[in-house]
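Number of protein chains: 2
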Amino acid sequence: MKLHPQATAALKRRLGARVDLSSEGRWAASFDSSKISFLPEAVIRPRAEKDIGSVLELANRHRVSVTVRGRGTTLTGAAAPVQGGWVLDMRRLKRVRIDADAGMAHVDAGATNAAVQTAAAAKGWFYPPDPSSKEYCTIGGNIACNAGGMHGGKYGVTRDFVIAVRGFLPTGEYVEWGTATKKFSAGFNLRDLWIGSEGMLGIVTGAVLKLIPQPAARWTLLTAFADEATALKAARLLFRARVQPAICEFLDRESVLCAERATGKTVFPGQAGRPVILLEFAGGVSEIDDLKFEVLAWAQTQALAFKEAKNREEAEELWAVRRKCSGAMFELGDAKLNEDIVVPMRNYEKFARFLARLKRSSKLPIPTFGHLADGNLHVNIMYHRANASETMAAETAVQKLMETVVALGGAISGEHGIGLAKTPFLRLQHRPAQIKAMQAVKQALDPRGILNPGKMFEVVRIWKYEKMQIKLPWDHK
Amino acid sequence: MKLHPQATAALKRRLGARVDLSSEGRWAASFDSSKISFLPEAVIRPRAEKDIGSVLELANRHRVSVTVRGRGTTLTGAAAPVQGGWVLDMRRLKRVRIDADAGMAHVDAGATNAAVQTAAAAKGWFYPPDPSSKEYCTIGGNIACNAGGMHGGKYGVTRDFVIAVRGFLPTGEYVEWGTATKKFSAGFNLRDLWIGSEGMLGIVTGAVLKLIPQPAARWTLLTAFADEATALKAARLLFRARVQPAICEFLDRESVLCAERATGKTVFPGQAGRPVILLEFAGGVSEIDDLKFEVLAWAQTQALAFKEAKNREEAEELWAVRRKCSGAMFELGDAKLNEDIVVPMRNYEKFARFLARLKRSSKLPIPTFGHLADGNLHVNIMYHRANASETMAAETAVQKLMETVVALGGAISGEHGIGLAKTPFLRLQHRPAQIKAMQAVKQALDPRGILNPGKMFEVVRIWKYEKMQIKLPWDHK
Numbered sequence: 362m363k364l365h366p367q368a369t370a371a372l373k374r375r376l377g378a379r380v381d382l383s384s385e386g387r388w389a390a391s392f393d394s395s396k397i398s399f400l401p402e403a404v405i406r407p408r409a410e411k412d413i414g415s416v417l418e419l420a421n422r423h424r425v426s427v428t429v430r431g432r433g434t435t436l437t438g439a440a441a442p443v444q445g446g447w448v449l450d451m452r453r454l455k456r457v458r459i460d461a462d463a464g465m466a467h468v469d470a471g472a473t474n475a476a477v478q479t480a481a482a483a484k485g486w487f488y489p490p491d492p493s494s495k496e497y498c499t500i501g502g503n504i505a506c507n508a509g510g511m512h513g514g515k516y517g518v519t520r521d522f523v524i525a526v527r528g529f530l531p532t533g534e535y536v537e538w539g540t541a542t543k544k545f546s547a548g549f550n551l552r553d554l555w556i557g558s559e560g561m562l563g564i565v566t567g568a569v570l571k572l573i574p575q576p577a578a579r580w581t582l583l584t585a586f587a588d589e590a591t592a593l594k595a596a597r598l599l600f601r602a603r604v605q606p607a608i609c610e611f612l613d614r615e616s617v618l619c620a621e622r623a624t625g626k627t628v629f630p631g632q633a634g635r636p637v638i639l640l641e642f643a644g645g646v647s648e649i650d651d652l653k654f655e656v657l658a659w660a661q662t663q664a665l666a667f668k669e670a671k672n673r674e675e676a677e678e679l680w681a682v683r684r685k686c687s688g689a690m691f692e693l694g695d696a697k698l699n700e701d702i703v704v705p706m707r708n709y710e711k712f713a714r715f716l717a718r719l720k721r722s723s724k725l726p727i728p729t730f731g732h733l734a735d736g737n738l739h740v741n742i743m744y745h746r747a748n749a750s751e752t753m754a755a756e757t758a759v760q761k762l763m764e765t766v767v768a769l770g771g772a773i774s775g776e777h778g779i780g781l782a783k784t785p786f787l788r789l790q791h792r793p794a795q796i797k798a799m800q801a802v803k804q805a806l807d808p809r810g811i812l813n814p815g816k817m818f819e820v821v822r823i824w825k826y827e828k829m830q831i832k833l834p835w836d837h838k
Numbered sequence: 362m363k364l365h366p367q368a369t370a371a372l373k374r375r376l377g378a379r380v381d382l383s384s385e386g387r388w389a390a391s392f393d394s395s396k397i398s399f400l401p402e403a404v405i406r407p408r409a410e411k412d413i414g415s416v417l418e419l420a421n422r423h424r425v426s427v428t429v430r431g432r433g434t435t436l437t438g439a440a441a442p443v444q445g446g447w448v449l450d451m452r453r454l455k456r457v458r459i460d461a462d463a464g465m466a467h468v469d470a471g472a473t474n475a476a477v478q479t480a481a482a483a484k485g486w487f488y489p490p491d492p493s494s495k496e497y498c499t500i501g502g503n504i505a506c507n508a509g510g511m512h513g514g515k516y517g518v519t520r521d522f523v524i525a526v527r528g529f530l531p532t533g534e535y536v537e538w539g540t541a542t543k544k545f546s547a548g549f550n551l552r553d554l555w556i557g558s559e560g561m562l563g564i565v566t567g568a569v570l571k572l573i574p575q576p577a578a579r580w581t582l583l584t585a586f587a588d589e590a591t592a593l594k595a596a597r598l599l600f601r602a603r604v605q606p607a608i609c610e611f612l613d614r615e616s617v618l619c620a621e622r623a624t625g626k627t628v629f630p631g632q633a634g635r636p637v638i639l640l641e642f643a644g645g646v647s648e649i650d651d652l653k654f655e656v657l658a659w660a661q662t663q664a665l666a667f668k669e670a671k672n673r674e675e676a677e678e679l680w681a682v683r684r685k686c687s688g689a690m691f692e693l694g695d696a697k698l699n700e701d702i703v704v705p706m707r708n709y710e711k712f713a714r715f716l717a718r719l720k721r722s723s724k725l726p727i728p729t730f731g732h733l734a735d736g737n738l739h740v741n742i743m744y745h746r747a748n749a750s751e752t753m754a755a756e757t758a759v760q761k762l763m764e765t766v767v768a769l770g771g772a773i774s775g776e777h778g779i780g781l782a783k784t785p786f787l788r789l790q791h792r793p794a795q796i797k798a799m800q801a802v803k804q805a806l807d808p809r810g811i812l813n814p815g816k817m818f819e820v821v822r823i824w825k826y827e828k829m830q831i832k833l834p835w836d837h838k
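Going down the list, the protein sequences come from chains S and H.
Position in the first sequence counted from 1, then plus 361, gives you the numbering used here.
Position in the second sequence counted from 1, then plus 361, gives you the numbering used here.
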């Protein structure tokens, strides 16, 4: 890794205490949730947006890589400075202001997702995107990977709620893409080009987010099914009836068993080990009353068993199950390939059959759960690192999974992004001309290759790297 | 204008009857709703998407401009082949297929907006973007300018409903951006870069569109106000209460007078010449019942007068007024600068005061109407072409309007796009670094400058050009 002592000294002179050269500071910024460490030369914690312009000016002059990070909750390695250089930690820029008339949040990139949700709710508004790390992850990071969450099917993902962004081009100029208005049709749309570009095409310092009215009523229903295919078919029937649950979470048999082992309780009393779908409906009070009737009729005919939450406490208990299943998976193996694939609804049953075959042929546990309203499933391939044949089976399984997802018209990532982890599969998703066009855009906006180099296009098999054995606050309990 | 007889002969040999070299055919493709004619050398009407690949291959080899058009309803000149070359008319590619389970429409670029709406409605689904030319304009054109319509405030614009697009890079390669899934986070987002790029960064041949459930109930209310500022303030209070009308159309005094002259009836009986807001609410039956109560209480305290539509026929009568006002404006002048600006809600009253001053200082009629839920107002500067002082006053007024809109944090175009018409104002909206970044992206994707040259970045004062005196089917009656 090339070092830049002169440039780093110049940076320190320019920005003083905002530049951290300590071993501890650099180590803490050397990895994200992929837990693979690449040490940067310096960590910069801007106090004002213009600091970022200074950093980029020096970086371009001295050809130093710059990797931007929020809290580093991404699982893909996208926030890891794989080529060293400098890391920009955005967390000091964290103002949140709600425009209660227009239903918009004006936020700095370093504000957490939860801070935005809380501020919005205090004014009767709702910000739906909710990655599971929402207490920790920043809006800047959410924009970088176009984060989703459980509400994606009905309400949409981060992209659907970003009205405007501001920040810096890779070459260091300050720019604003869009205005704080719901309509904007003036010039090429670099706002959305930035969203999901994983810190490679620009640095987002702030955004205007769209809010929607906070729903007055919520209603939660847990349903159990005989098997996975039946569950997925039932979900499809619900959507066909144009019913739009706010959340529609599926847990397959293996995920349910994990949750049951973790909690010592059956997920659905009397239906131990059955796949479940957990539904939440949100809307006006009478709207929800109308829906209940229709949804209960559906459950009656489709599900093996169902039970509604009588109140928010009961609902919370049901959601606790969903949150438990992910961490409990580490009883099935000490390594996990967590793939956030997406399958189009028309192919749900085909995918369920494929997954059953994959579990048999790989002889690995592959607990799967996820968001049925948008087809975004988390497929968790569990294995033991020290076991060579399991490791090989896992590598084969992930390749087959990705090939099948693309063949079924789906996506290799729904909400995590590419980073390092998905680079071996990018060319399954995209034709050579598509990759070429993306690289041409990168070259046009970042001619010196400053921002987050080594990601997206270079193939890295992240599972071959040594993973640090550390516990992060947002790791599933 | 440079001619390309050899290239055009090669094109004719390659695509035969799909290439129209007749004077009539070329004339009909020489203009859009801006009614300024630029004759192309050939019109190509592809029968299959691969024809477009052939056209682009020849165009790149021989350096011939290619301008794509649907029905040519755009008011900006974006579909006019200003540098001649070839025009691609997409209207033969017009399949529409509804996926009723997933709530998606799979459409070809040449399908009309109305065809998509009708097909969706037949399956109980709803496609909200509704430009006023919806019976004529194509989805490809809607995507090119990120078209909006009356439903933008609550539901969003074209961009919010495009899940995936396919088509050709300027250099001729076939590409697909996104999959038919609501989540996709794999690679740079060239889908949204294409949306709103006005045929300059790629050719859209088809799209997957998101649909939402068709609302079960609608309710229409007409409200009259003492003056414009009161009306705009009242609207802001409604939004502050987090009430989201599906449509919220404002007509200022001059627009109302136009409609009244056109129809010979008062818009609001007993309140002749008063500004009005026409509201439509959409949702579940009991949801709308709940809303009525709240909205009527608002109207009681805020409006001078109000009346609800008792049924769909009465509602239709009210909407007829809205549709009449635009055409009737030509009694105030034979020329119109129709600007689809956007103002942030917090500045509605400031904008109303500015507009009143502008009307006084310019001594021109400037009837204004538009979509209050998203701040997208149509400001119509009316003048007589033969009158030099009126013409100069109009030019001064449009410049002041654009400067004010940007100063108020708004957008110079909300749904029409830039084309030729808005080119004098693009640099008010965007910093030099932003324009440079857009041009770098254009250069990266279209190195030979084939697609729709002469638009967006070159300043053209469209009002100086001779306008053809023709009536187009979608001209407001």
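Some hints could be false.
With a straight-line cut-off of 30 Å between C-alpha atoms, the simulated DSS-like cross-links for lysine-lysine are [claimed, not checked]:
| no. | chain 1 | residue 1 | chain 2 | residue 2 |
| --- | --- | --- | --- | --- |
| 1 | S | Lys-711 | H | Lys-484 |
| 2 | H | Lys-653 | S | Lys-455 |
| 3 | H | Lys-653 | S | Lys-653 |
| 4 | H | Lys-825 | H | Lys-797 |
It should be emphasised that the hints constitute simulated quantities derived from the structure, not laboratory data.
Hint check results:
1. S:Lys-711 x H:Lys-484: 24 Å, holds
2. H:Lys-653 x S:Lys-455: Violated, at roughly 39 Å.
3. H:Lys-653 x S:Lys-653: Judged against 30 Å, a Cα distance of about 23 Å means the pair holds.
4. H:Lys-825 x H:Lys-797: Holds. Lys-825 (chain H) to Lys-797 (chain H) sits at ~27 Å (cutoff 30 Å).
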